[in-house]
Structure formats: C-alpha cells, structure tokens
Amino acid sequence: MLIIRPLQDNDLEALYAMAQSAGKGLTTLPADRELLQRKIRHARDTFDQRCAPEAGLYLFALEDTELQRCVGISGIQARVGLDEVFYNYRLSVTVNASRELGVHVRTPTLHLSNDMTDTSEICSLLLSDSHRGGGNGLLLSRCRFMFLDQFRRHFSEKVFAEMRGVSDKEGRSPLWDALGRQFFDMDFTEADMLSGLGNKSFIAELMPKFPIYLPMLPDEARSVIGRVHDNTAPALKMLQAEGFNFNGMVDIFDGGPVVEAFVHNIRTVRESTDRIVMIRSIKPAVDQVDEQADRSEIMVCNGSFQNFRVTTVPANCVGIETISLSQPVASALGVEAGDRVRLAPLKDTGRNPTYSRRDADHAGRSSRG
Amino acid sequence: MWLVRPAQPGDLKAILALAEGIGPRLSSTLPRKDEALAAKIEQSVRAFQNAGGTTGPDETLRFLFVLENTDTGDVRGVAGIDSSAGHGQPFYNYRKDALIHASHELGVSNRVDVLYPSHALTGHTLLCAFTIDPELKGSEAFELLSRARLMFIASHRPLFSDHTVVEIQGVQTENGEVPFWDSLGRHFFNMDFETADQHSGALSKTFIAELMPPNPIYVTLLTPEAQAALGQAHEKTRATYELLQREGFQAGAYLDIFDAGPVLEARTDSLKTIVSSLSGKLHGSPTDDGERCLISGGIQAQFRCTVTSMQEALTGDIKVPVKAWHCLGLDAGDSVRVSPC
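The listed protein sequences derive, respectively, from chains A and B.
Under the UniProt record's numbering, the first residue of the first sequence is numbered 1, with each subsequent residue one higher.
Under the UniProt record's numbering, the first residue of the second sequence is numbered 1, with each subsequent residue one higher.
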C-alpha cells in the first residue's frame, strides 16, 4: 500500500538518495544531508505546530508500506518571502505610441517583482524512479490540495508553483546566460545550486533591478521566457488540469513560469466530499468485480493536521454517504468506523463520486456485493 | 575675409545646401526642410532683436550665425547657440552611471554600468547646429565659426547659463547605421536611424526622446557594437572635438540618447575664449603684421566677428588693420573684443 504521511526523521536516507538521483534542476531539494535534515526538522515542527503558521514548511512523504520506505516527497511552503525576499520577473508590456509618427510598438518587458510575497507555494515534488507511473505522481501532488482544503486558514487564498525553466543537457540556461550571467559571472548550475542552499535572494540582489526590455536580449533567451523544461511538462499539465494558470511571473534565473490558482478553485478542492467510514471485513475478490464497475481511484484522507494521511482506494468503495475501507487501509489512515474522511478523484478522468448518482449507486451495490 | 554674423532670411538657400551636404545625422538642430529652416532663421532674427529685452537665459533665445566670405558673399558655414537647452521642453540625455551590485554573504561585488535618462542639462546653454563646408575643416575659418559663438556669449554673458554644453555626433557606419540606435532606440520605434532622424527634424528631438523607454538601461545588455560606441565621437567630428577640448570642454557622464555621442560640458566662465578675451577701443594698425586673433564688435543683430592680425592690445587700444574695421562695420574708437587664436 502507498500512503501519504508527514515526513519523518528516518526518511533522511531515502530522501538523500532521491535528491541525488534527481540531480540538477531541483533547487529546493539539493543532495545535501545537513540541509535535508534541517528541512525534515522544519517539517516536523510545522506538523507539530511548534513554529509560527506563516513559517510552516509542510513536507509529505509517499511511503510504500511494504518496503517501509519513503519513495516520494512533496511540499507546501506556508508563505514565501517573509524571512528573505522572494523575487520574480513579471512579464509585462510597454507600449510606445505616437499618432504623429504612426508608431505603436509593444515591447515585452521584465519587471523585477516581489508580488508572490506572503503567498503559499507548492513545491519540492520528487518521486523515486522505482515508483513512477500508476498515478503515484498525481497522488504526491494532489494530496497537497486535500491538505490545503482542510486547513485553509494556514495558507493564503491563492497558491502557486514555480515550474522549472528551459536548460540544456549540460545545464545551460539560455536566459541565465543572456541576463543573470551578465551581472553575476557564474554558471547556471552553480547559481541554481546556491539557490537551493538558501542563497537565492543573495543572488537576486546581484541581478538587475530595472526593467529589462526583451528585444535587447538574444532570441534564444527570449524564446524560453515562460516556458518549462521538457521534464516538467507533465507536471505543468497536471497543475493546469487542477486549474492552475500562468500568472505572468517567471523565474529570475531560467525564466520558468509561475502558475497559480485560488485554493477554492482547485479541482481537487472543488470535487472533494465527505464520507463516513465503514470497515468491511470481506475483501472483494477481484474477479467478482463487475466489468461495468468504476475502477478509477479515489484519494481518501483523514482530518488530522498532525497525522495527516492520504491513500487511494478504488472508486467502487464509495457509497452515497459512506466509504467502505478494509481494516488495513483504515488503520493506515488512522480512522475507525464512523469517522469522517474526505475524498477526491485521483485522476482527471476519474468520475466524480458526488455528482453522479448513478455511479454512486452502482459503486454502492458492487461494494456490497 | 571671413566673417561671422547673425543669419538672415536670405541665407536660407545657402544653409539648406550646407545641411544637405552633411549626410544622415540627427537634424533636430538644423532642419533640412525649407519651411522648418526658414522658421528657424526667423526665430534667430527675433532672438537677436529681442536679446536686449531679456535679462537672463531664455528659451526663446536661439541664435543662428553664418560664416560668410566677404570677398564673394558666399555663406560657407552655420553655427548656433541655444540660450537654454531644451528651449522650454525637457532636454534629454543618458547619464552613464555605475551601480555596485554587491552581496556580503557571497563575497561578490560587481560594477554595473547603467544609462539613466536625464534632464539635468535642461536649461544649460547649448552650442549647436555647427555645420561647415568640409573644405574649410581645420582652417582658421573653422575656428572662427566655432569660437565666434563664445565671443558672442562673452559680450552678452547675462543671456547665457553658467554651464555650456555641446552634443558631439556619435558613431555611425559608412552605411548610415548607428549601432547604439540599432541596439536600443530602434526597438521602440521600429524604424531605422535615418527615419527617426527625419521625424526628429520635422517635430523635435524632445518629441522623439519622450517615446524612448523611461527606465534606465543596462549597458551590458546592449550589443557589443553599441557598447563600444558609448561616448565615442564620430570620426569626422575630430576637428570640432579637439577645438572644443582646447576651449576647455570635457566629456562627462552624459551621452546622446540616439547615437550615444558624448556631450561636452564646461563652466561658461572658464571657457578659454571667454577667459582670454579682452575689450578695448578699436584703432588702426599700419601693417598686416601681428598676432592672429578673433575680433568681434556690435551687439545683438549688429554682432560681427572675424579673424585679423593685431598689433597690440595692452593699453586698451586694439590696433588692427582698417579692413578689419570695415568687415566688422565699425569705426575707430568703437568698442571691440579680441581673443587670441
């Protein structure tokens, strides 16, 4: 069974191994034991409410209960830019116009901005190679929205994600070479690494503060502004399906886009519903399952802040008012019969358990059978 | 003899011919169209007339002088003074300045050159529109035309600012391309330098300047060609540049917003011509021998300036050949000003 839970101290080695294999490009989780240890401690303090809500760093682990090992991680930073300065470029337009001259020229312009300050960021998604596919990435990503939904007052109304921008195999970023490097003679990979070690705002302070007129940059740099790295395209697509949109902000280093959504508009949040737990004693035989039955997966989470858990169950476990869980699943979620749990479809194609009565009826019947 | 005198409406054709000969160049100070140039001459005539009624630098005071060969009556050069740069509108330049981008934490300190749009030179006296027949470049007439303006300033000092500036043409290739314009201004106008230049002549330089980006520009983001052109004078301005340097003008932090040519600055009262000039009474000299010097006389519209030999000027009597008197339209005992060449 795969289950989402808060990150723990004993996840360090697994986390380090994952960070190492992820390599460059994942600035928030560099392969540095001490730094990862600090992050874990920070996350522990956050879930135990030993730090101020706005300083919170929520890191979730995806645990394979058979391996008893963390195989993925994802996170939410409660607020950015509060103890350091959070920089982005805003991509906007400058118009020069004169009727007398017949001139009307639009110039795309980058303005340095701190607009994302005090906003919640979803970050740090990393999945072990051994567990790619099967919706595990979706679970890691979307479990965060279930958490956001249940504990909204700990977060801003709007959340955002910074997407990794374009760089080549050698780790060269065309935007960095054309812009950042002109002001700070350092390779992108090095700057990126320093960023991950918490020096991003120091580097940002060396960067240009005045607007940058894009026609002054070479074409290859201009063309990557607001574009994601090929490896990040699936993550972007997933967030777009959740209702996240490009908000006009880009990363100051590689030009990767920032996407954002209001929490109440996030698809997972909108489609979440409550059910009462029923513990079922008989395991339904797989071959008994009706061909017509809904086999899509449903995310189920408990309502605990400190011991938050999410796992997936087949949609046919969901009844009109109840959800039937096997004892191991209920135990893993830390719930008992009669407890209230929250559910949301895992995949975009998953049918909504709330809105379709026919499906719900059907699912209810098959779960009884 | 060579004579510098205020421009007259009758000089229109000659000035136009000179202006056309100078090739693509920001023409805001010397329009290449009949009507615009006629208006400019008219404005200058009024300025010379009205100069007596004003007590300080004034935006309406835009003087235009011509260089005339008194033997033939040919006009071979033109030069101007704007009492107050910008003449009532903002006078645009870039100021090249430096910022230090430093991080204590990273132990890094980088110098970043930035061009700031500036109006700081607005209201300074501006020497402008200097155009001369290329054959005369480097000659005595060349020096006369340029420095006659300073003689005029010396004898009409209250009309001018304490600071005098001159814009020097920047780098332009043989094909007429201006690297600085192509790297910067062009993006905001979508037109080449020459087209922008024509608009600038037809409307005003300020008009064009106001369409330029209002924010500072990072030098490092300009093309290498444009960076190399910053503060560089066009090859053909060398003689002018050197003459102005001898006068005490210095290139500072200011650059032209279109071609990044240097803007030379000086304190008006420190200019060599003004410091070294002295006034006296006009007297005759029996010979053509003596030290070559600029001599000017007359006020406002009667102002004339020429080059002559001078016997002596120690006692307050300035002894020059009589033909110089005629050239200046003056008589013995009239008050004149001289400055050595």
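In short, the hints are calculated from the structure, not lab data.
Hints are supplied without guarantee of correctness; some may be wrong.
[Stated by the list, open to error] Okay, the calculated bits of chain A under chain B, using three or more residues with CB under 8 Å as the criterion:
1) 179-190
2) 201-207
[To be verified] Residues from chain B that face chain A, not an exhaustive set, calculated with beta carbons under 10 Å:
3) Leu99
4) Ser103
5) His187
6) Ala196
7) His199
8) Thr206
9) Pro213
10) Pro216
11) Leu221
12) Val275
13) Leu278
[Claimed, not checked] Here are the computed distance ranges between Cβ atoms for each label pair:
14) B/Asn110 x A/Gln306: 31 to 39 Å
15) B/His104 x A/Pro234: 17 to 25 Å
16) B/Pro224 x A/Arg106: 23 to 31 Å
17) A/Lys237 x B/Pro224: 35 to 43 Å
18) B/Ser109 x A/Arg38: 25 to 33 Å
19) B/Glu105 x A/Asp168: 41 to 49 Å
20) B/Thr220 x A/Arg132: 41 to 49 Å
21) B/Asn110 x A/Lys237: 44 to 52 Å
22) B/His104 x A/Ile276: 41 to 49 Å
Every residue, glycine too, gets a C-beta built ideally from N, C-alpha and C.
Where does the structure disagree with the numbered hints, that is, which hint numbers, in rising order? 8, 12, 13, 14, 15, 19, 21 and 22
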